[in-house]
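Hey, can you work out the whole structure from these sequences and the hints?
Chains F and P supply the protein sequences, listed in that same order. Under our numbering, think of the first position of the first sequence as 1, with each following residue one higher. Under our numbering, think of the first position of the second sequence as 1, with each following residue one higher.
A couple of the hints might just be wrong.
Claimed, not checked - Which bits of chain P does chain F cover? Going by a derived footprint, with three or more residues having C-beta under 8 angstroms, they are:
#1 59-69
#2 81-93
#3 141-152
Stated by the list, open to error - Computed beta-carbon distance windows for the label pairs:
#4 F/564 x P/12: 30 to 38 angstroms
#5 F/596 x P/64: 40 to 48 angstroms
#6 P/94 x F/167: 36 to 44 angstroms
#7 F/196 x P/16: 27 to 35 angstroms
#8 F/200 x P/154: 34 to 42 angstroms
#9 F/159 x P/94: 48 to 56 angstroms
#10 F/493 x P/155: 26 to 34 angstroms
#11 P/154 x F/616: 38 to 46 angstroms
#12 F/199 x P/155: 52 to 60 angstroms
#13 P/81 x F/195: 39 to 47 angstroms
#14 P/94 x F/125: 42 to 50 angstroms
#15 P/16 x F/424: 50 to 58 angstroms
#16 P/94 x F/158: 47 to 55 angstroms
#17 F/225 x P/83: 40 to 48 angstroms
Hints in this document: simulated from the structure, not taken from any laboratory. This one's a predicted model, so the numbers in the text were calculated from it and none came from an experiment. Backbone N, C-alpha and C define an ideal beta-carbon position, used for all residues, glycine too.
Listed below are the residues making up each chain.
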Amino acid sequence: MKNLDLIGKKIWKLDGEEGIQGQTRYGTDLSMSGMLYVKAYRARIPHGKLLRLDVSKAAALDGVSCVLTAKDIPGEKKFGFPAGADQPVLVEVGGTILMKGDALALVASPSLSVAEKALSLIEAEYEQYEAIDDYERVANDSSYFLKNECSGEYSYERGDLSKGQAEADVILEGSYEVPIQEHAYMETESGLSYYDSKGILTVESGTHDAFYVRYEVARCLGIDEIKVRSIVPLVGGTYGGKQQCSTQLHIALVTQKTGLPAKMVWSRRESMLVSHKRHPAKIHMRMGATKDGAITFLESNYVMDGGPYSTCSSGVCYWMGTHSAGPYNIPNVSINGKAVYTNNTVGAAFRGFGGPQGVFPLERHMDKMARELNMDAQQLRAKNYIREKDQPACNGVLIDTRVTVGEALEKAIEKLGPLPQPSTPHAKVGRGYAVAMPLHDVSSDPVWGMGGTGAHVEIFRDGSIEVRSGTCEFGSGLDTVQKLIISNEFGVPMERIHLITSDTYWTPKVGRCVGSKGAYASGQALLMASQELKERLATIAAVHFGTYPVIAPLVFANERIYTNQQKRDYMTLAEAADFAYRQGMNLAADSWYVNPNRLNGNAFCAMAADVEVDMLSYETKVLRCGYVHDAGTIINPLAAIGQAVGGVTQSIGYALTEKWVIEKGESKTLSFHDYTIPTSVDTPHIEVEFIEEPSTDGPYGAKGLSEHPSYVGAVAIVNAVSNALDTEFDVFPLTPDKLYTYLHG
Amino acid sequence: MQKIWSGTINGKKIEKSIEQSMTLLHFLRDELSLLGTKVGCESGDCGACAVIIDKKLFNSCITPAFAVAGCEITTIEGLSENGQLHPIQKALLDTGSFQCGYCMPGMCMALKCAMDAAEHNLTEEEIREAISGNLCRCGSYSLVVEAISLLQEVKKS
Ligand code: FES
Ligand code: FES
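Right under this line is the structure:
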């Protein structure tokens, strides 16, 4: 499938040369003359009623252009995706504050320092309510709730639990807790809005979906979507965190009010306070197995904290459920979970989307079960792996590919070599690993408007090609992949292809770029458009070579169209395009790829890690990682390795250092000083290998790629620490203080 | 209060009247439009804003502009020469060492500073140490180490 010139070769990142010279313009870098700086005044309490809001002093301050409150919003006063618009753009007087940091008012000024000063002049009075912060209690105590409903629910049953229990020789129970994780992208939320020369309100901002922003802005401003343009510049990291509106509605309101360009950049503190997080979750699991290691049943009950707004909690909760039984064939299964509302931080999408929360308890439990059975943990897994054509523990999914999970784990462990000796007498070393089988890795589920993806490809008269695609680039290399595909299809060098992305003015619609779906869905759309153009070119070639109406298969290479594999007779692509031009033929094609209405159980991954724990400082160091992933055909190896290494690195932080502290709805860790993400010295050498078992429906056989390291990374490390210290750790991050208390009470 | 700042930035003499309290970061970005120096935290924790001042690495967000008046300052814009990528930049690009790229200007400055100061090739540990103040949430550290190790090997041979 991969007899291709460029696919699979190492290619520079397209935007790389600019980026490495500091020339890339991110949202934080945008500006315009006459621009206003916008700042938000935010609630100081996590739960309560807004009794009074006095902005008069701020409005009277010299240099303040406008102060806006909820009553200045002409359109819809709430926003939110996808479950429903339940988050206030600005909380109105008399309205309820549900989260510390909810926006109450906006100030705008040509001077940033004046805008900041004006904020300090705003006065708010609250009636404070008790913060509903114990999510487990919300799930179990009907008298304790924030909203009398759940933000997500999952339920899956098969077989007969009591039968599974009767067959089991060993039954093992365990309770687990998965923490909050902050995205901590290096570029905070930012955006610029302005009226263009035609009076269209334009918003440039970092997000996963330009079209979603257009929709929300138009609704909030009470104008038609045709009056709004949304552009996405290169995003300085998102990992799922920039899916909802952040700055966009606020700056658009200011531009609408004043007619002037408006810019907003969140401070780091603001970003950490307000932005969405990975959902924390508590899980209770029971598993039974026979003496020789056949799992007879699995029961999992979990609850996740979605915070006060629904966002995509329903999806995260669902996908956590689909990960709960992993790549194992278990006859009797019961999985039930819910996401609940609290006054804590909002839980939303973060690389892995519920997967890490589902994989952690299971892969911890597998290790513990192996110990219980006196069996090797790898062997126990191997004994229960799912096979091709098996039905995994999730509705609507079928394993339709060779199952490579065992191979992935073997290779991942091999990469580590022998377990090293401790480097000091007071250190202990250990090895751990984990496997996963995500069932949604390409978001092929056509929910939430994500089902369709458009592309536009046009061959110009000189043989250069313009491509328009609605996808966004946030560092995963998607722009490069898209050009590679077109280059490969037409035999045209990358320099002669121009790619326009994520601008609602020019690019066809796409569903949001999430769930590792970018290359998969846009790749398919580009291939469809290319195919259509190639058919038209074949007609032209048949006329040119005098074979018409017989149309021969063609070879596209070296900017030429050859009539045969030997590449003897040809016309250039430019000649064909010129012919089309003169004949009035259209060499532009639009395509619309609709995701198959099914989930995909075909992208397996495994990680193995060696760790060393210093028993004096209780610090854990990851010594080496091996990560192996069946991602189907790899289109751009450089970008693919980057995604894998990046995902593993984020998992190291999640497992060991990233401790989010929140008490009574008040987050305490609002800086990089307090919330410590991994640095270069915390990160070991990470070895990556891809198994390229082609998928049946991805472009050139590609599968999803970016999210997978997050599924297995943290739990592999926690397993390693558990093995090193001969203690079962069922919570993380394993910061020194946590290790100490765990060991010594 | 406004005051005249003078010093050398990327080899060019600069004189400009600015607010006395301005940080070097805002001076570079807002007054001189040198937007390659990035903003990540404005509290000295992330290294996105790192620049070289008289051969030493500084986080420009916590450096008052006037504290370094008269000094020689290099930002990412001063790294490539005559439109040619600096070998560090080329190495990072060839190895695919970055993703969103937001941390990369600071990372490049840190690498240059350490490599210029060292008389020998940096060991893996020293490379890691050199960039330990530069956060990269895309998690590219191992690839950066690989890129610089390769670059040094090529230089040696
Ligand atoms: S912006 Fe200066 S250290 Fe983060
Ligand atoms: S490449 Fe994105 S933060 Fe470093």
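Verification of the supplied hints:
no.	hint	result
1	59-69	violated (count 0)
2	81-93	holds (count 4)
3	141-152	holds (count 5)
4	F/564 x P/12: 30 to 38 angstroms	59 angstroms, violated
5	F/596 x P/64: 40 to 48 angstroms	58 angstroms, violated
6	P/94 x F/167: 36 to 44 angstroms	57 angstroms, violated
7	F/196 x P/16: 27 to 35 angstroms	32 angstroms, holds
8	F/200 x P/154: 34 to 42 angstroms	50 angstroms, violated
9	F/159 x P/94: 48 to 56 angstroms	53 angstroms, holds
10	F/493 x P/155: 26 to 34 angstroms	30 angstroms, holds
11	P/154 x F/616: 38 to 46 angstroms	41 angstroms, holds
12	F/199 x P/155: 52 to 60 angstroms	56 angstroms, holds
13	P/81 x F/195: 39 to 47 angstroms	41 angstroms, holds
14	P/94 x F/125: 42 to 50 angstroms	59 angstroms, violated
15	P/16 x F/424: 50 to 58 angstroms	54 angstroms, holds
16	P/94 x F/158: 47 to 55 angstroms	50 angstroms, holds
17	F/225 x P/83: 40 to 48 angstroms	42 angstroms, holds
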